[in-house]
Amino acid sequence: MENLAIVAVFIALGYFFGRMAESRHYQSIHEREQAFLHLPTTSSKKPLGHIGPITQARLVQGNVVISVDYFKRFLATLRNIFGGTIQAYETLLDRARREAVLRLKESCPDADQIINLRLETSSISKGDTERIGSVEVLAYGTAIYSQQNTSQAAPQ
Amino acid sequence: MKYQSSLPEHNDNVSHQHPVREFALLMLGVIGFILLSFWILGFFVDLAVDSISPKDEAELFAEIDIDWDFGEKSSIQKQTRVQQILDALRLCHDIPFATPVTVVESKDINAMALPGGRIVVFSGLLDSIKSSNGLAFVLAHELGHFKNRDHLRSIGRGIVLAALSTLLTGANSSISQMLTSTMTLGQAKYSQSRESKADETALQILNCHYGHVGGATELFEALQEQEGAWNFGMLHYFDTHPELQNRINAIYHLSKERDYQVGKTQSLDNSVSF
Chain A
0 MENLAIVAVF
10 IALGYFFGRM
20 AESRHYQSIH
30 EREQAFLHLP
40 TTSSKKPLGH
50 IGPITQARLV
60 QGNVVISVDY
70 FKRFLATLRN
80 IFGGTIQAYE
90 TLLDRARREA
100 VLRLKESCPD
110 ADQIINLRLE
120 TSSISKGDTE
130 RIGSVEVLAY
140 GTAIYSQQNT
150 SQAAPQ
Chain B
0 MKYQSSLPEH
10 NDNVSHQHPV
20 REFALLMLGV
30 IGFILLSFWI
40 LGFFVDLAVD
50 SISPKDEAEL
60 FAEIDIDWDF
70 GEKSSIQKQT
80 RVQQILDALR
90 LCHDIPFATP
100 VTVVESKDIN
110 AMALPGGRIV
120 VFSGLLDSIK
130 SSNGLAFVLA
140 HELGHFKNRD
150 HLRSIGRGIV
160 LAALSTLLTG
170 ANSSISQMLT
180 STMTLGQAKY
190 SQSRESKADE
200 TALQILNCHY
210 GHVGGATELF
220 EALQEQEGAW
230 NFGMLHYFDT
240 HPELQNRINA
250 IYHLSKERDY
260 QVGKTQSLDN
270 SVSF
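Residue numbers (numbering that gives the first Met the number 0), protein chains in the order written: chain A, 0 to 155; chain B, 0 to 273.
Since the hints were derived computationally from the structure, they do not count as laboratory data. By construction, the Cβ of each residue, glycine as well, lies at the ideal position given by its N, Cα and C atoms. Check each hint, because a few of them may be wrong.
Listed next, the in silico BS3-like pairs over lysine-lysine satisfying Cα-Cα at most 25 Å (straight line) [to be verified]:
{"hint": "1", "chain 1": "B", "residue 1": "K54", "chain 2": "B", "residue 2": "K77"}
{"hint": "2", "chain 1": "B", "residue 1": "K1", "chain 2": "B", "residue 2": "K54"}
{"hint": "3", "chain 1": "A", "residue 1": "K45", "chain 2": "B", "residue 2": "K1"}
{"hint": "4", "chain 1": "A", "residue 1": "K44", "chain 2": "B", "residue 2": "K1"}
{"hint": "5", "chain 1": "B", "residue 1": "K54", "chain 2": "B", "residue 2": "K129"}
{"hint": "6", "chain 1": "B", "residue 1": "K255", "chain 2": "B", "residue 2": "K129"}
Footprint (simulated), chain B over chain A, 3 or more residues, beta carbon under 8 Å [to be verified]:
{"hint": "7", "stretch": "39-52"}
{"hint": "8", "stretch": "80-86"}
Label pairs and their in silico Cβ distance ranges [what the hints assert, rightly or not]:
{"hint": "9", "chain 1": "B", "residue 1": "V19", "chain 2": "A", "residue 2": "R31", "range": "24 to 32 Å"}
{"hint": "10", "chain 1": "B", "residue 1": "H17", "chain 2": "A", "residue 2": "T41", "range": "32 to 40 Å"}
{"hint": "11", "chain 1": "B", "residue 1": "D11", "chain 2": "A", "residue 2": "A7", "range": "29 to 37 Å"}
{"hint": "12", "chain 1": "B", "residue 1": "I158", "chain 2": "A", "residue 2": "R31", "range": "31 to 39 Å"}
Work out the full structure: start from the sequences and follow the hints.
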């Protein structure tokens, strides 16, 4: 009986705080994505359009680690029994990817474009079933600066 | 081609179903499946128990030496006295193996029947019972469990319960904890019916030994007094033992039906001081 109560409390706490953290994070993601609309980011090998002579190109990266909450993990474990999409983890990874790309953009606000964008995902505490898992997403790419922008593009 | 910067209108990478809905659906599915399989496997446990003869059972448990540790044992006098009362009932039941008693020092008002024939009595029970008839009823109740093979049934169900939850989710996971609790709730209802049955057997033994059933409800009345104001109706669903008043009523009802007399009880203190 006590076990049931403890698990229920953990689930409720996980749900409440997890939802709160998630909606705050999404709000921040939306605002920052809007703010960085001017910086094209693609996975293409070459710059988009004609941007003139490139004065500088450098490796930029953004990295984030986000933890699963108790509710999500419980839901995912339940899902493991029946199979199907683990919807509980979808928002987690979506947030992690977008946050990583945002951090990458924030590391080079004066670049003209970011090309060759790559995303890597890895799970921390892999295979350890006893612990709450967390996910790491690393975004890396090449920030390029063109001549028009040279005045702002001085390396920091 | 001109690059047009814009954000997507919809996020297609996440599902928009409410997580609580998914949670409720999955939970219902798991609990339904577990309760159903528990019920079916419980049926097979009963079948298996019925096919184990008391002789086989005695042999089986003779080889297993389980170290039950319930706490400090009470004085030899207490042990002997309780054992005497239990042994005196021997003529009135047909349990084919020895039933040694261990009295343990504890505030708990409880007694239990362990596999292998041992009966454990907590000393709190001896303090709250005044007559040897009352104690005899409790001991006869435990004998009733042996007679009805409830100790085997509960072990069998315990194994099924542990195996099911471990198989499904792995030991010690939060889900298996949750499932074990759910199954314990399901089992509570089952145990209640076994307790009533043991009460019935106990009443029979009591009447056979003393010639009347005086003192049968003594423990329940004492417990009821203790429970007092804390008697919330709903909580009793979770008890493994039927609500005290129900048990008392059932005992009265049964005594009437079978024409058992209620005679004078013998004081415990007069026989031997604890």
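Results of checking the hints against the structure:
1. In summary, the hint linking K54(B) to K77(B) is not supported, as the alpha carbons are separated by about 30 Å, beyond the 25 Å threshold.
2. A hinted pair counts as satisfied when its Cα atoms are at most 25 Å apart, and K1(B) with K54(B) does not qualify at roughly 90 Å.
3. Between K45(A) and K1(B), the direct Cα distance comes to roughly 14 Å. Compliance with the 25 Å bound is thereby established for this hinted pair.
4. Simply put, K44(A) and K1(B) have alpha-carbon atoms about 17 Å apart, close enough for the 25 Å limit, and the pair holds.
5. The suggested pairing of K54(B) with K129(B) is violated, with an alpha-carbon distance near 36 Å, which exceeds 25 Å.
6. In summary, the hint linking K255(B) to K129(B) is supported, as the alpha carbons are separated by about 24 Å, within the 25 Å threshold.
7. For the stretch 39-52 of chain A, the proposed coverage by chain B is satisfied: 3 residues have a C-beta within less than 8 Å of a C-beta in that chain, meeting the threshold of three.
8. Here the stretch 80-86 of chain A counts 4 residues with a CB under 8 Å from a CB of chain B, which clears the bar of 3, and the coverage holds.
9. As the Cβ distance of V19(B) to R31(A) is approximately 29 Å, the hint placing it in 24 to 32 Å holds.
10. The beta-carbon spacing between H17(B) and T41(A), approximately 34 Å, falls within the hinted interval of 32 to 40 Å.
11. The given range of 29 to 37 Å is respected by D11(B) and A7(A), whose C-beta atoms sit roughly 33 Å from each other.
12. Restraint check, I158(B) to R31(A): a C-beta distance of roughly 56 Å breaks the suggested window 31 to 39 Å.
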